[in-house]
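So the sequence lines, in the order shown, correspond to chains A and B. Under my numbering, think of the first position of the first sequence as 1, with each following residue one higher. Under my numbering, think of the first position of the second sequence as 1, with each following residue one higher.
Errors might be hidden in some of the hints.
Now the in silico label distances, taken between C-beta atoms and shown as ranges [to be verified]:
1) Gly57/A to Ala140/B: 53 to 59 angstroms
2) Val85/A to Thr52/B: 16 to 22 angstroms
3) Arg75/A to Asn72/B: 38 to 44 angstroms
4) Asp88/A to Gln241/B: 21 to 27 angstroms
5) Ile28/A to Ala140/B: 54 to 60 angstroms
6) Ser220/B to Leu97/A: 39 to 45 angstroms
Simulated from the structure, these hints should not be mistaken for laboratory data. On a predicted model such as this, the values are computed, not experimentally measured, just so you know. Quick reminder that beta carbons are idealized off the backbone N, C-alpha and C, glycines included.
Letter by letter, the chains look like this.
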Amino acid sequence: MSIARKSVVWGLFAAGGTLSAFLFPAVIALFLLVALGRVPPGLEFANLQAFAGHWVGKSALFLVIFLSLWHAAHRLRVVFHDFGVRRDKAVANAVYLVAAIGTVMTAFYLYRI
Amino acid sequence: MTLKTRQLELEVLRYDPEKDSEPHFQAYSVSCPEDWAILDALNYVKENLDTTLSYRWSCHMMVCGSCGMMVNGEPSLTCKTFIRDLPDKVRIEPLQNFPIERDLVVVLDDVMDKLQRAQPWIIRQDDPPPPDVEYNQPRAALYKFKQYTMCINCMCCYAACPQYGLDPSFIGPAALAMAHRYNLDSRDQGKSQRLDILADHDGVWDCSFVGACSEVCPKSVDPAAAIQQMKVDGAIEWWKQKLPGGKS
Chain A
1 MSIARKSVVW GLFAAGGTLS AFLFPAVIAL FLLVALGRVP PGLEFANLQA FAGHWVGKSA
61 LFLVIFLSLW HAAHRLRVVF HDFGVRRDKA VANAVYLVAA IGTVMTAFYL YRI
Chain B
1 MTLKTRQLEL EVLRYDPEKD SEPHFQAYSV SCPEDWAILD ALNYVKENLD TTLSYRWSCH
61 MMVCGSCGMM VNGEPSLTCK TFIRDLPDKV RIEPLQNFPI ERDLVVVLDD VMDKLQRAQP
121 WIIRQDDPPP PDVEYNQPRA ALYKFKQYTM CINCMCCYAA CPQYGLDPSF IGPAALAMAH
181 RYNLDSRDQG KSQRLDILAD HDGVWDCSFV GACSEVCPKS VDPAAAIQQM KVDGAIEWWK
241 QKLPGGKS
């Protein structure tokens, strides 16, 4: 008997869930503002690009996207289980693979900014 | 003052494994005073209408935990479920997710085994204090785990748990809440020993935090919270074991 490796993905799931619960309402509100043509000062393209260009901004963006991806992946795995799909290993491999590819792509694109 | 009475139509699940090929419902009409609990109605049936009806009960005061059944589809302690809160037609079934032994009696061997695996007792690595010395425990330390001591093993939480229904190898809410009660106890030193078992594959991770266990608990224990806290403990313990210098 030992602690299952599931603890690692659960840790990422929990961290991502906590973070996105705080951040996503704000992100949705900002998107709505921008869609309505009221771009708050500081959210113009140049400012956002400068934010994403600095290593602090890069790190913050990476953390948020990385954790959200793993949160979504683990949540999907649980949803499959709840819907009665009994192929947990295949589902887990598929969803975590997508999250891993997303993580690498995030790092790549952030690096290029 | 005489109490108002109500005519209650009980639909009770009956199953005798020696005679019946599958369970069926039997109807009883019982005139119930408004202050009766469902258990009183069942006792009336047993004493006056049908002596063959089997069900478990003992204390009739929410202490023994043996009269858990499905009342109109909800896992309930029948001594705590009152006629006045129910419609005129009440369906009574054995606790969901368990094999039926007979009528409303279920087989509890699986959860009894799981409760043992949770090691719900104080584990010490150090020598215990001498017999004439008490374990001192500040009040704040007691309040950390006190609610979990209220569990009476009625197993309503297992009947409510969709994960246990899907996969009976999941260790389940009451056993995990009992384990967490000892993990939080300042006198206990067995947390990592318990986590080795309870944070393994069929342990805490199968819980998807539906929270039905906490909703149906007749003693207001919160097993769902215990399980989420144990997941955090399990995740920390994993890193403790894997990081360089951690225990093997």
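Evaluation of the provided hints:
| no. | hint | result |
| --- | --- | --- |
| 1 | Gly57/A to Ala140/B: 53 to 59 angstroms | 42 angstroms, violated |
| 2 | Val85/A to Thr52/B: 16 to 22 angstroms | 43 angstroms, violated |
| 3 | Arg75/A to Asn72/B: 38 to 44 angstroms | 32 angstroms, violated |
| 4 | Asp88/A to Gln241/B: 21 to 27 angstroms | 23 angstroms, holds |
| 5 | Ile28/A to Ala140/B: 54 to 60 angstroms | 40 angstroms, violated |
| 6 | Ser220/B to Leu97/A: 39 to 45 angstroms | 43 angstroms, holds |
Figure legend: structure checked against the earlier numbered hints; hints not met, in rising order: 1, 2, 3, 5.
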